[in-house]
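Use these hints to put chain B onto chain A, whose structure you have.
Protein chains in written order, with this note's numbering: chain A, 1 to 334; chain B, 1 to 334.
Some hints here could point you the wrong way.
Which copy? The list can't say, so a pair holds if one copy fits it or any two copies do.
Calculated pairs, DSS-like style, for lysine-lysine (alpha carbon to alpha carbon, straight line, at most 30 Å) [what the hints assert, rightly or not]:
1. K189 to K33
2. K180 to K25
3. K58 to K219
4. K180 to K58
5. K79 to K219
6. K180 to K33
7. K25 to K219
8. K189 to K219
9. K180 to K79
10. K21 to K219
11. K99 to K180
If you are wondering where the hints come from, they were derived from the structure by calculation, not from laboratory data. Computed from a predicted model, the values in this text were never measured in an experiment.
Here is how the chains run, residue by residue.
Number of protein chains: 2
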Amino acid sequence: MAQLSQQELDEIYAFALDIGKRAGKLLLDGVDKRIGGVDGSGELAFTEKDNAVDIVTKTDEDVETFIRSAIQERYPSHKFLGEESYSKGQSRHYLIDEKPTWCVDPLDGTVNYTHLFPMFCVSIGFIVNHRPVIGIINAPFMNQLFSSCAGRGAWLNERRQLPLIRNPSIPPMPANAPSKCIFSCEWGKDRRDTPDGNLHRKVESFVNMAAEIGGRGGKGGMVHGVRSLGSATLDLAYTAMGSLDIWWEAGCWEWDVAAGIAILQEAGGLVTTANPPEDPANAPIEEARLGSRLYLAIRPAGPSETETGRQTQERVVREVWRRVRALDYSRPGA
Amino acid sequence: MAQLSQQELDEIYAFALDIGKRAGKLLLDGVDKRIGGVDGSGELAFTEKDNAVDIVTKTDEDVETFIRSAIQERYPSHKFLGEESYSKGQSRHYLIDEKPTWCVDPLDGTVNYTHLFPMFCVSIGFIVNHRPVIGIINAPFMNQLFSSCAGRGAWLNERRQLPLIRNPSIPPMPANAPSKCIFSCEWGKDRRDTPDGNLHRKVESFVNMAAEIGGRGGKGGMVHGVRSLGSATLDLAYTAMGSLDIWWEAGCWEWDVAAGIAILQEAGGLVTTANPPEDPANAPIEEARLGSRLYLAIRPAGPSETETGRQTQERVVREVWRRVRALDYSRPGA
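Bound-form chain A, shown alone (with noise of 0.2 Å):
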């Protein structure tokens, strides 16, 4: 089993940091080739025929090369999985096993980048013995740097610790929660209208979370609000800051999730999986499997006069789990 000393991911995530910084840079370079330079009158880099897609899948193997390219310079022996990489092969299996593996998406939120919506990010996590220990994400365009390492706490921007709110203390979770809570989902890609399918499955589990106490037959949540930002990265980096409080997605893949789990479990936050058991009100809350597609996320939490924070974390599990239903994303070969 991979053994890491303090000194050696200190130095791992000096690195790491480094290279989030070099990758976001990269990101805005591929906005200032869309535009036409910092004020919109320099030389374009792609024509007017240049699809708008094709720029966005240029720039994302490229931030890819990059960043795989410095880790194999610096750190030969570690193992290294790239969305892109993935995406071009032919199987999706889970490929991380206990080495030290860089775990790498170099543009989340596509969609938002290929549109120009601020909400796009690098992802690049660290893990060793299945446990993402580090974490970057950058994202550039809102100059938001979020970072972890394991032992030094999870940072916005270097100088900001997280969750925000720390000072006297880290807030509970509401004591009627999800009410006054933040409920952030995504409505994805699986967008098939068929009957208890996916995207039927997540909009009754949205509107539970959404309707007023008392409506939907008792399950009615009435969160605080409901937020679909476009990217499953930036959801757990917001929840890691404590602005958004319950994150709840299927569908997504460890890329998407690995250095935004790394920041929140540093952050204090916590991660299970999104498919309510079969007692929802009493099964063990177990930590959420890196690859089982399946995420649910509760902010950093401190006590309440009568609970301690992860009292307060899990009863807002279970409230979720009572609202929400399972969704079907299998991988394949799982």
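What follows is chain B alone, placed relative to chain A:
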């Protein structure tokens, strides 16, 4: 009828930009007071016992007072309507007439601000003859300042003209829209679980826009993405930017949209009513009436090979109307 020269408008625009920047700084100061200074280590201006909602209310009121005072000092003859002043009064009647009027939301995205989710902003609109002619939207946590003045274009951070993709030409709306479009919508505050109430009509509309082509009895729109940000003002700003293609929402007030409409229209976007007319395919597409609480916005669009930009936008308006339900938002006294 009030008439202002371009020079007068330019002066008002410079003034509005200045107070928009200063108001954005006040919103960030409010964040710092809650998390203890820029690095989280400073002294908290509020104690643990202060309710987050009360703190937000105080910031909201302070920012409105700042903006109102600045305007009254510089332009004592102008009318001023602020979200906070409305809320405290008994009436929500529509108060805008042909006189030069400032319509201000000191803090749009209040729920986001309470949770420190970055999608909050100050919104300052200046209206003459019922038409928003100057708009300032400052989202300081993301370093995004949107602005426009009639005749001077719409801008991001005073540097990048909107829409962002405009060189060598602004793209038309997609041929098969709403497919390939990002659709932005909000769940809002009306969560009553009433059969055929606003919540269920909204959700039915969202699902129609999202579902696969051929689904939903032919209404499936298969949009590229569905987004919910929790700020009507920023929805409009991002539509002006070209990042969101379609925004459909009801229930917002004039202070939520005045600045956003100014910016969207100056950028070349279209804004009309959310509620589909009896004959969506042929009804005239009229400009949204400020105060109507019903809005459908389409991003700026250039010509295709067979259509003008406006024609591509109007085609999308009709495609949206075909898929959405009419919503019930009246106003007291209207």
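Evaluated hints:
no. : hint         : result
1   : K189 to K33  : within (28 Å within a copy, 40 Å between copies)
2   : K180 to K25  : between (37 Å within a copy, 27 Å between copies)
3   : K58 to K219  : neither (45 Å within a copy, 34 Å between copies)
4   : K180 to K58  : between (42 Å within a copy, 19 Å between copies)
5   : K79 to K219  : neither (45 Å within a copy, 46 Å between copies)
6   : K180 to K33  : between (42 Å within a copy, 21 Å between copies)
7   : K25 to K219  : neither (45 Å within a copy, 41 Å between copies)
8   : K189 to K219 : both (26 Å within a copy, 17 Å between copies)
9   : K180 to K79  : neither (42 Å within a copy, 36 Å between copies)
10  : K21 to K219  : neither (43 Å within a copy, 43 Å between copies)
11  : K99 to K180  : neither (41 Å within a copy, 40 Å between copies)
Of the numbered hints listed earlier, those contradicted by the structure are 3, 5, 7, 9, 10, 11.
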